[in-house]
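*Asks:* First to last, the sequence lines map onto chains F and R. Each residue of the first sequence is one higher than the one before, starting from -9 at the first, in our numbering. Each residue of the second sequence is one higher than the one before, starting from -9 at the first, in our numbering.
Treat each hint with caution, since some may be false.
Copies of one chain are not kept apart here, so a pair can be met inside one copy or by any two copies together.
What the hints assert, rightly or not - Below, computed lysine to aspartate or glutamate pairings styled on EDC-like, alpha-carbon distance capped at 16 Å:
id: 1; residue 1: -7; residue 2: 4
id: 2; residue 1: -7; residue 2: 60
id: 3; residue 1: 82; residue 2: 5
id: 4; residue 1: -1; residue 2: 104
id: 5; residue 1: 82; residue 2: 63
id: 6; residue 1: -1; residue 2: 51
id: 7; residue 1: -7; residue 2: 36
id: 8; residue 1: -7; residue 2: 58
id: 9; residue 1: -1; residue 2: 63
id: 10; residue 1: 82; residue 2: 4
Derived from the structure by calculation, the hints contain no laboratory data.
2 protein chains.
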Amino acid sequence: MEKVVLSEKFSSFEDTWNPRIIAELNGQQVKLARLEGPFVWHHHSDEDELFLVLEGHLIMELRDRTIELDPGELLVVPRGVEHRPVAEGPVKIMLFEPASTRNTGTLDDALTRESLERI
Amino acid sequence: MEKVVLSEKFSSFEDTWNPRIIAELNGQQVKLARLEGPFVWHHHSDEDELFLVLEGHLIMELRDRTIELDPGELLVVPRGVEHRPVAEGPVKIMLFEPASTRNTGTLDDALTRESLERI
Chain F
-9 MEKVVLSEKF SSFEDTWNPR IIAELNGQQV KLARLEGPFV WHHHSDEDEL FLVLEGHLIM
51 ELRDRTIELD PGELLVVPRG VEHRPVAEGP VKIMLFEPAS TRNTGTLDDA LTRESLERI
Chain R
-9 MEKVVLSEKF SSFEDTWNPR IIAELNGQQV KLARLEGPFV WHHHSDEDEL FLVLEGHLIM
51 ELRDRTIELD PGELLVVPRG VEHRPVAEGP VKIMLFEPAS TRNTGTLDDA LTRESLERI
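Bound-form chain F, shown alone:
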């Protein structure tokens, strides 16, 4: 049982679209990720996904509209909803989602990360 310093965790990795697990509780995981550029369209069948922007500007494309997020803003994407995160410049986010959540959801893609590092 130790505190987690977000800035220390971010300084331990540089790659983008590769979330790291920083905490686990109640079957859920807290993850940090660096984003830059566009991700892929995907959805999660059984998991709602929370995005909290810590730095930068995140554009969440949905099929019918776009939601833009600045630091201190969060969005819950419900299960089943197709979404594509796009980062215009470097973005740092925190994710809160079930431990079962795959980063590209039901999609198999070059960006899929089957197992995430715990830092």
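Got chain F; can you put chain R on it based on the hints?
*Replies:* The following block gives chain R in isolation, referenced to the frame of chain F:
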């Protein structure tokens, strides 16, 4: 499905030790709270609890030690672990925890909030 602006949510209430629900996902809730002064010793039987400090300095007293948290730092208090949050000055936090979580855990106290407002 709308984004949540944390600063807007905080500007909608002033009282302390009275968490507000700002999002729900996967049976979990995201809450915001203002803290000031000492809370009560308590524990949660079945819920792990995440504290993320957004502003101020939070002291988490445990029975065997104390963990101090500044903005950008988080702590998961596992189920069953007695804890007492103490805020030296005004503190703003975000909580992630199961929807079943009672603020004073198994303790009945004047500070117990049986039902929380959704803002």
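*Asks:* All the hints need checking, so say for each whether the structure fits it.
*Replies:* These are the hints, each one checked on the structure:
1. For the identical chains of this complex, residue -7 and residue 4 are neighbours neither inside a copy (22 Å) nor across copies (27 Å), given an alpha-carbon limit of 16 Å.
2. With identical chains, the CA atoms of residue -7 and residue 60 are at most 16 Å apart between copies only, with a shortest distance of 10 Å across copies and 25 Å within one.
3. Taking identical chains as interchangeable, the C-alpha atoms of residue 82 and residue 5 lie at most 16 Å apart only when both belong to the same chain, with a minimum of 11 Å there against 31 Å between chains.
4. Taking the shortest alpha-carbon separations for residue -1 and residue 104, neither the intra-copy value of 21 Å nor the inter-copy value of 36 Å comes in at or below 16 Å.
5. In this homomeric assembly, residue 82 and residue 63 come within 16 Å of each other (Cα to Cα) both inside a single copy, at 12 Å, and across copies, at 15 Å.
6. For the homomeric pair residue -1 and residue 51, neither the shortest alpha-carbon distance inside one copy (27 Å) nor that between copies (24 Å) is at most 16 Å.
7. Proximity of residue -7 and residue 36 under a CA criterion of 16 Å is satisfied in neither setting, with 30 Å inside one chain copy and 21 Å between copies.
8. Within a single copy, residue -7 and residue 58 get their C-alpha atoms only as close as 30 Å, which misses the 16 Å cut-off; across copies the closest is 8 Å, which meets it.
9. In this assembly of identical chains, the alpha carbons of residue -1 and residue 63 lie at most 16 Å apart only when taken from different copies (10 Å versus 20 Å within one copy).
10. When the C-alpha separation of residue 82 and residue 4 is checked against a cutoff of 16 Å, the pair qualifies only within one copy, where the shortest distance is 11 Å, while the shortest distance between copies is 29 Å.
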